[in-house]
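Engineer: Chains as they are written, first to last, in our numbering: chain A, 1 to 116; chain B, 1 to 147.
No wet-lab data here; the hints were simulated from the structure. Being a predicted model, the structure only gives us computed values, none of them experimental. Positions of the beta carbon are idealized from the N, C-alpha and C atoms, including for glycine. Worth double-checking, as some hints may not be accurate.
Listed next, with one range per pair, are the computed distances between beta-carbon atoms [unchecked claim]:
#1 B:Gly145 <-> A:Phe111: 44 to 52 Å
#2 A:Thr24 <-> B:Lys107: 30 to 38 Å
#3 B:Met11 <-> A:Ile20: 17 to 25 Å
#4 A:Arg115 <-> B:Ser52: 47 to 55 Å
Here chain A is said to cover these stretches of chain B; the calculated rule only asks that three of the stretch's residues, wherever they fall, bring their Cβ under 8 Å from a Cβ of chain A [said to hold, decoys possible]:
#5 24-31
#6 57-70
#7 79-86
#8 120-128
#9 132-145
Each chain, written out:
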Amino acid sequence: MIYIYSFLFAGFVSMLGQLILDNTKLTPGHITSLFVIIGASLDIFNIYDLIVAHVGAGALVPITSFGHLLIHGGLVRAHDLGFIGLMMGVFDLTASGITSAIFFAFIFSLFFKPRD
Amino acid sequence: MEKKLYNKLVMNHKPTEKRAENAFIAFLTGGLVGVIGQLLVEFYSYYLHLSSNDASVFMMVTLIFFASLFTALGFFDKWVKFARCGLIIPITGFAHSMTSAAIEYRKEGFVTGLGANMFKLAGTVILYGVVSAYIFGFIRLIIMGGV
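Let's have the full structure, built from the sequences with the hints guiding it.
Structural biologist: Here is the structure:
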């Protein structure tokens, strides 16, 4: 059942992005930025946590989860250390994603040439 | 007159049909990436005995790895052109934008090319993610006072 929810949610978010892309002048960069902000805003009242609990990885795959993980890591640290803790924790949960993306991009750029 | 009307009708209908098709393809591919993510999470938590939080981190790294590899091998661009937001909105799009920028700009040098341009697209995501996370976290702290 969780596979169906994953499929529906990830598909729905992607479709929303495609509809924005086709019907406005916004570029993919605008849309991904917008979705990250939406993901972060949904976590003010733990709404995104609720979605993740019901949908599983389908909610973690779209870029909205990036915003969710940023604010979530920050809030965990902020619990003990307040506003400075918020700064310390923002990258806690996304560090693996950012590090791996930077590392793989660098390594592959050494071995591969651009193609057209 | 009739031909004009016909042309107008065609003009009105052609883009919307393509939009619906694009949206449908994005829905299917985006959903498929979501299902792959869920499969990977269950695979990792079952075979490596990880908690679901750790397994989801492993899942993201796996998706990023394969998106970067496929971009480097050259055929991910074709997939993105076909699926559009179906692959741009999932975390694969983040890896794709970074790897393609890295490969594209490496010939301009390691610092001025690769280093300066790798975050051209991914940088906005990180910038607005961090700024919004901090502002919303701030609001949350003021309203609810901690977790």
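Engineer: Could you run down the list of hints and mark each one as holding or not?
Structural biologist: The hints, checked one at a time:
| no. | hint | result |
| --- | --- | --- |
| 1 | B:Gly145 <-> A:Phe111: 44 to 52 Å | 50 Å, holds |
| 2 | A:Thr24 <-> B:Lys107: 30 to 38 Å | 34 Å, holds |
| 3 | B:Met11 <-> A:Ile20: 17 to 25 Å | 22 Å, holds |
| 4 | A:Arg115 <-> B:Ser52: 47 to 55 Å | 38 Å, violated |
| 5 | 24-31 | holds (count 8) |
| 6 | 57-70 | holds (count 9) |
| 7 | 79-86 | holds (count 3) |
| 8 | 120-128 | holds (count 7) |
| 9 | 132-145 | holds (count 10) |
The structure shown violates just one earlier hint, number 4.
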